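Add chain B to chain A, keeping to what the hints say.
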Amino acid sequence: MAQEKQGHVTQPTETSNPAATSGKAAATGDPADGSIEDLIIVGSGPAGFTAALYAGRADLSPLVFEGIQAGGQLMITTDVENYPGFPDGILGPELMDRFRKQAERFGARLLAADVTAVDFSSSPYRVWVGADEYRAHAVIIATGASAKWLGVPGEERLTGRGVSACATCDGFFFRDKRIIVVGGGDSAMEEALFLTRFGSRVTVVHRREEFRASAIMAKRVLEHPKIEVIWNATVAEIHGDQSVTGVTLADTVTGEKREMATDAVFVAIGHQPNTSVFKGQLPLDEKGYLILKGDGTTATEVAGVFAAGDVADSRYRQAVSAAGTGCMAAIDAGYYLAGH
Amino acid sequence: MGANTVTLTDANFNDTISGETPILVDFWAAWCGPCRLIAPILEEMATEYQGKISIGKLNVDENPRISANYDVMSIPTLILFKDGVEKKRIIGARPKHNLVGELTEYLS
Numbered sequence: 000m001a002q003e004k005q006g007h008v009t010q011p012t013e014t015s016n017p018a019a020t021s022g023k024a025a026a027t028g029d030p031a032d033g034s035i036e037d038l039i040i041v042g043s044g045p046a047g048f049t050a051a052l053y054a055g056r057a058d059l060s061p062l063v064f065e066g067i068q069a070g071g072q073l074m075i076t077t078d079v080e081n082y083p084g085f086p087d088g089i090l091g092p093e094l095m096d097r098f099r100k101q102a103e104r105f106g107a108r109l110l111a112a113d114v115t116a117v118d119f120s121s122s123p124y125r126v127w128v129g130a131d132e133y134r135a136h137a138v139i140i141a142t143g144a145s146a147k148w149l150g151v152p153g154e155e156r157l158t159g160r161g162v163s164a165c166a167t168c169d170g171f172f173f174r175d176k177r178i179i180v181v182g183g184g185d186s187a188m189e190e191a192l193f194l195t196r197f198g199s200r201v202t203v204v205h206r207r208e209e210f211r212a213s214a215i216m217a218k219r220v221l222e223h224p225k226i227e228v229i230w231n232a233t234v235a236e237i238h239g240d241q242s243v244t245g246v247t248l249a250d251t252v253t254g255e256k257r258e259m260a261t262d263a264v265f266v267a268i269g270h271q272p273n274t275s276v277f278k279g280q281l282p283l284d285e286k287g288y289l290i291l292k293g294d295g296t297t298a299t300e301v302a303g304v305f306a307a308g309d310v311a312d313s314r315y316r317q318a319v320s321a322a323g324t325g326c327m328a329a330i331d332a333g334y335y336l337a338g339h
Numbered sequence: 000m001g002a003n004t005v006t007l008t009d010a011n012f013n014d015t016i017s018g019e020t021p022i023l024v025d026f027w028a029a030w031c032g033p034c035r036l037i038a039p040i041l042e043e044m045a046t047e048y049q050g051k052i053s054i055g056k057l058n059v060d061e062n063p064r065i066s067a068n069y070d071v072m073s074i075p076t077l078i079l080f081k082d083g084v085e086k087k088r089i090i091g092a093r094p095k096h097n098l099v100g101e102l103t104e105y106l107s
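In the order they appear, the protein sequences are chains A and B.
Here the first sequence stands for residues 0 to 339, numbered as in numbering that gives the first Met the number 0.
Here the second sequence stands for residues 0 to 107, numbered as in numbering that gives the first Met the number 0.
These aren't lab readings, by the way, just hints derived from the structure by calculation.
One or more of the hints may lead you astray.
To be verified - Ranges between beta-carbon positions, derived for each pair:
no., chain 1, residue 1, chain 2, residue 2, range
1, B, GLN49, A, GLU93, 29 to 35 Å
2, A, ASP175, B, GLU85, 22 to 28 Å
3, A, ARG211, B, HIS96, 36 to 42 Å
4, B, THR20, A, GLY293, 57 to 63 Å
5, B, ALA29, A, SER242, 23 to 29 Å
6, B, GLU43, A, SER275, 23 to 29 Å
7, A, GLU155, B, ASN13, 30 to 36 Å
8, A, SER242, B, LYS86, 17 to 23 Å
A quick note: this is a predicted structure, and the numbers were derived from the prediction, not measured.
Cβ atoms here follow ideal geometry from the backbone N, Cα and C, with glycine treated the same way.
Same shape as in the complex, but just chain A (with noise of 0.2 Å):
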C-alpha cells in the first residue's frame, strides 16, 4: 500500500554496506563471469530502454535490468496518443515492445530481475539482485515511478477484489458495474473515460473543486454523459466483504461523511518513485525523487551515476521527456566513461 515517500535528503555515503543499509541480503562474492561492465541501466520504461538504445550503439553493450514492472507505467496503459510520429495513437505495451526490440538491436543485454540493493561509495559501482553481484564503471538509474494508493481501511484488503490503480487492467471485470474513480489528475481523467465503456455509471471523486488534469482531458471527463464528478470529496474507508460494496465519502470542506455504494475503487491520485533501494546511497528530495547534480545533465552526485525519467522527475512525466531523458543519460554516461 502507499508507501511514506522519504521525508529527508541523504547524502551518498562513503563507507556504508550496502547490505545494510538496504536491508538485503547480498553476497560479497565476485559476480559469476568476474567482469565489471562498462554500463549497467537500471529499468525499462521508455528512459531506460532509449539509454539502452543509445549506449548500444556508443558499443557500450549495456546490461539492462528490467525488473517485474518490465516496460513500466506505459504496461498498464491503453492507446497513448501523444507520442510523437504515432498520429493514429500507439498501444502502451506494443509501443514498449519497440522499444525493447531496439534497444536489443544494437547489442543491449536484458535481464528480468529487480535490483535489491546498490552500493556507489566506491567504483566500480556494484549492483546487486539478492545474493548476485553486478559491478559497472557507470550506472543509468531509469527505475519510473508506481502508482500511490490512497492507505485508507478496507484498501489493501480488497485489491483485486473491487479495488484497483489499473482501469486497463481491470475495468474489464466490472461491465455495468457501478465504479468510482479517486483523482483528479490527467491519469484520473484517462481511467475515467476508459471505464465509461465498462460501467453503468462512472463516479470520479476529488478532493478538491477543480480538476488539476489539462484542459482537454478534464472538457472530455465534464461533457461525458456517463461521468458525475463529486467535488471536494475524499474516500475515507472502503467497505465490503469478499469484494467492494461501497465508500464512505468524507467532505473537505464540512468534514461531513455519508456512504455511498460501489463496485469498484480506481485509484488515480498521482505517482510515486521507486528509489527506495538508493536510499542512503544518493540525495532524494522530500518526495523521493533521485535529485541531479543540476549541471543541466543527467549527472547524479556521485560521478558516473545517471538518472533519466520519472524517478528524476516530478514536473514533466511523459513517455517522450522520459525518452530524451534516457538518450541524455546514455550520451553523459558514454563522456563519462571515454574520460575515465
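Chain B only, in chain A's frame:
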C-alpha cells in the same frame, strides 16, 4: 502457449483442476500488460517443477463464467487448486523468486 502449460476453458475447467497434482491457474487476457510479464515466468516454472505442479492458462475474455465463479476482478490472478479446492490466490504480477516463495510448499 507453451508446451508445458494446459489451456483451460469454461468447458474443461472443473475436470482439469480436480486432480491430485496441484495446478496453478493463470487468469489472463491478451490486453493485460502485467499478464505478459508473468507469462514467461510461468512457462519456466512449468518446466522446472514438472511433476510437482502443472500450470493452467484461462483466458478471461473467452471464459467469463469461470472467471465470475471465482470472483476474479483483477488480472493476472493466479489460483492454486488441489483436488479441486482453491488453496492459494495471488493477485498481480510478481517476480519469479517471490512466486516460488509463495508456492514453496507445493513445489518441494
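Hint check results:
no. : hint                            : verdict
1   : GLN49/B to GLU93/A: 29 to 35 Å  : 33 Å, holds
2   : ASP175/A to GLU85/B: 22 to 28 Å : 26 Å, holds
3   : ARG211/A to HIS96/B: 36 to 42 Å : 39 Å, holds
4   : THR20/B to GLY293/A: 57 to 63 Å : 59 Å, holds
5   : ALA29/B to SER242/A: 23 to 29 Å : 24 Å, holds
6   : GLU43/B to SER275/A: 23 to 29 Å : 27 Å, holds
7   : GLU155/A to ASN13/B: 30 to 36 Å : 32 Å, holds
8   : SER242/A to LYS86/B: 17 to 23 Å : 20 Å, holds
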